[in-house]
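A.B. asks: Okay, here's what each chain looks like letter by letter:
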Amino acid sequence: MAGLFKRLFGGLSKSRTALGGRLADAASGHDRIDEALLEEVEEILITSDVGAAATTRFLKTVDNEVRYNRLTDPARMWEILRDDMLRSLARCGDRKLTVSASPTVVMVVGVNGVGKTTTIGKLAARYKAEGHKVMLAAGDTFRAAAGEQLTLWGQRLGVEVVRQQEGADASAVAYDACQAAMARGVDLLLVDTAGRLHTNVNLMAELEKVRRVIGKVIPGAPHEVVLVLDANTGQNALSQAKTFVDSAGVTGFVLTKMDSTARGGVLVNLVETYQRPVYFIGLGEQAEDLTPFDPEGYVAALFGEAE
Amino acid sequence: MLNALSDKLEGVLGRLKGRGVLTEQHISDAMKEVRFALLEADVHFSVVKSFVADVREKCLGQDVLGSMTPGQQVAGIVQRELARLMGGTQSPLNLSPDDLTVVLMVGLQGSGKTTTTAKLANRLKTQGRRVLMVACDLQRPAAVEQLKTLGRSIDVPVLDPQPAGGDPVAAAKEGLAHANAQRYDVVLFDTAGRLHVDGDLMDQLVQVRDAVQPRETLLVADAMTGQEAVNIATSFHAALGLSGIVLSKLEGDARGGAVLSMRQVTGCPVKFVGVGEKIGALETFHPERMAGRILGMGDMLGLLEKAETAVSREEAEKLARKLKKNDFTLEDFRDQMRQIRKMGSLSDILGMLPGAGKLAQVADAVPDKEINRVEAIINSMTVVERNNHQIINSSRRKRIARGSGTSVQEVNRLLKNFVKGRKMMKTLSGARGKGYKLKQMLPF
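Just so you know, the protein sequences line up as chains G and F, in that order. The opening residue of the first sequence carries number 0 in numbering that gives the first Met the number 0; numbering runs sequentially from there. The opening residue of the second sequence carries number 0 in numbering that gives the first Met the number 0; numbering runs sequentially from there.
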């Protein structure tokens, strides 16, 4: 059993040992599927932020198997659970974040403090290393010194940053940046936006405007709108996704801060509900700490399998 | 804030209250729903487990089942237990009366430390204290710049020690020396965000703490945090010995289960909550009121406090007299509306009333914009019209609609509702003295 998870286990290895192998432990502690084991499974899923509703649904699958297909083997139960989750995660297809048009415009959105600016820095490093010409737009004109933060990333990576003074109109920055990107033959333009709580109607409307303005300068843009989510966030992530998908037209997710013991289990429900792919996960503060999302590795990590 | 959780609990308990006889099965079913609601609100699994077990035991143990109003008793037990879980009474910031107070702000990346530091500094400054902020976040690009900008906007000095090698311990020492030398009352240290599982950075934080010997070590945590809240709080508490928690970003629709979890596992009180992006949006946390709000019992105390700051006593008495005599005019109505708005947004206020869940829906239907239109309509009336609404004929209505940029239909609706509301108030002030049916009293 443990061997299986080990083979499936991908890049999520950092700091996973604390709760490592919880499911494998639970499985080996039981020789048949009973109330106690199901309770343990429930606890593991809930404490991974999978959410009470989704957990109930997963347990129902197991329950059906036990009732109607005479499932008794705990090891087989894990496989069923895992496959069920992988199916949920596969609903969105396996679209990647690619540089398709020139320039490809990617808007990065999210609530305050999830790591939008850091994610942009990491994305810039990644796509620059792939040989693309990258430009950054400092669209967070609200938070004190957000522009400086992005400029520092630009200097570090040798990437041009378009910005205006603090308090400027975010749409104007986006407009300038799109013009500049076209004039200078940029392949990928990453547009930062100010963090905003999804419940703030006015700020969400502002985001719609930024989107519109970008589309006016470059028809078809923004080609991608990435919602950045913090792995530490609980069920509120669903609420965030709903609003951002509705008003900003989110096309995919990035899950940050996965280098802690947080598991970001809400992702399963999120991907299934909104049918949008997870492009990357963030594993630290350095430019290279961003890896493509690997569903199998993720599910293995969710189940607490350690290196 | 916390609406979804309160809606659910209100529903569950409401159904129980309606029953004349309760069986063990009823309580079991209700507890299942309570458990589900708490879990969906991100309260930690183990906290929920013990909470539900406690409540169930109390419900079955006492003579609840045989009582005349078993449902009410159960609701009472849930509220008491919830309040206990939140930590009893409000705990203020522990400030030294005559000496320098050192406050250390810690937390994960993006939890809102720098913003909260500035909000707290602003709060202390308006209380008349001399405050210094020290930038010890040498990790995140431009974090120091952010604190400086915030410092300028609230006129609180920021010390940026810039030690060689970017050592935050050295920065903290220099900050402390400076604060002592310049005789500040309070010094706030903003530290870099770090993950609780990052051993090296946690060690570094311990060194910073040892260097400055804080009186208050505050963990700033995001209200939207999920199950991980327990690990975060436990790790920071074990490493540093926290004195309190500040919950940020509570103005969203986070159900705030993290409040319950963190408080429960560390035993540390939640001292403040951040409720907005503006610098003044930091409130003291009142556990007992929060418990009431979660259960939809309202926060009348908080509402009265707000009302007292916004409405003078004479004004209130004048209004009461007018209500009794039924000469409440559109002019009075406009004054009243303005006073209410001084207290905050309508949804804020309604959220504090008993039965908050239902009223919040009314607030959604009546956004603040709508109130602006109503005020515009009244503003477009002459003084005579405002004092005697009966003279407003169709020609006047047309003029008012044009003047306020609305339509005759809207003017009609306002007048119709105003008349209806007046009647309602008369009945209420006559029969009971106090009107709770706020929805009907609002003429739109």
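Honestly, the hints are just simulated from the structure, not real lab data. Glycine included, every Cβ here is placed at the ideal spot set by N, Cα and C. Fair warning: there could be bad hints in the mix.
[To be verified] Rough simulated footprint, nothing fancy, chain F against chain G, three-plus residues with beta-carbon under 8 Å:
(1) 43-49
(2) 121-130
(3) 133-145
(4) 268-276
[To be verified] Which chain F residues stay away from chain G? Per the calculated CB distances, all over 10 Å, these:
(5) Asp41
(6) Gln78
(7) Arg139
(8) Lys147
(9) His195
(10) Val196
(11) Met223
(12) Glu276
(13) Asn392
(14) Gly420
[To be verified] With a cut-off of at most 25 Å between alpha-carbon atoms, the simulated BS3-like pairs for lysine-lysine come out as follows:
(15) Lys147/F / Lys124/F
(16) Lys124/F / Lys317/F
(17) Lys48/F / Lys147/F
(18) Lys59/G / Lys95/G
(19) Lys419/F / Lys277/F
(20) Lys419/F / Lys59/G
(21) Lys317/F / Lys419/F
(22) Lys132/G / Lys241/G
(23) Lys415/F / Lys368/F
(24) Lys419/F / Lys368/F
(25) Lys415/F / Lys208/G
(26) Lys419/F / Lys208/G
(27) Lys59/G / Lys31/F
(28) Lys317/F / Lys241/G
(29) Lys317/F / Lys277/F
A.B. asks: Hint by hint, note whether the structure agrees.
C.D. replies: Now the hints, each set against the structure:
no., hint, result
1, 43-49, "holds (count 4)"
2, 121-130, "violated (count 0)"
3, 133-145, "holds (count 5)"
4, 268-276, "violated (count 0)"
5, Asp41, "violated, 3 Å"
6, Gln78, "holds, 22 Å"
7, Arg139, "violated, 7 Å"
8, Lys147, "violated, 8 Å"
9, His195, "violated, 7 Å"
10, Val196, "violated, 5 Å"
11, Met223, "violated, 4 Å"
12, Glu276, "violated, 8 Å"
13, Asn392, "holds, 38 Å"
14, Gly420, "holds, 27 Å"
15, Lys147/F / Lys124/F, "holds, 16 Å"
16, Lys124/F / Lys317/F, "violated, 36 Å"
17, Lys48/F / Lys147/F, "violated, 45 Å"
18, Lys59/G / Lys95/G, "violated, 32 Å"
19, Lys419/F / Lys277/F, "violated, 39 Å"
20, Lys419/F / Lys59/G, "violated, 53 Å"
21, Lys317/F / Lys419/F, "holds, 21 Å"
22, Lys132/G / Lys241/G, "violated, 33 Å"
23, Lys415/F / Lys368/F, "holds, 20 Å"
24, Lys419/F / Lys368/F, "holds, 22 Å"
25, Lys415/F / Lys208/G, "violated, 38 Å"
26, Lys419/F / Lys208/G, "violated, 41 Å"
27, Lys59/G / Lys31/F, "holds, 16 Å"
28, Lys317/F / Lys241/G, "violated, 47 Å"
29, Lys317/F / Lys277/F, "violated, 35 Å"
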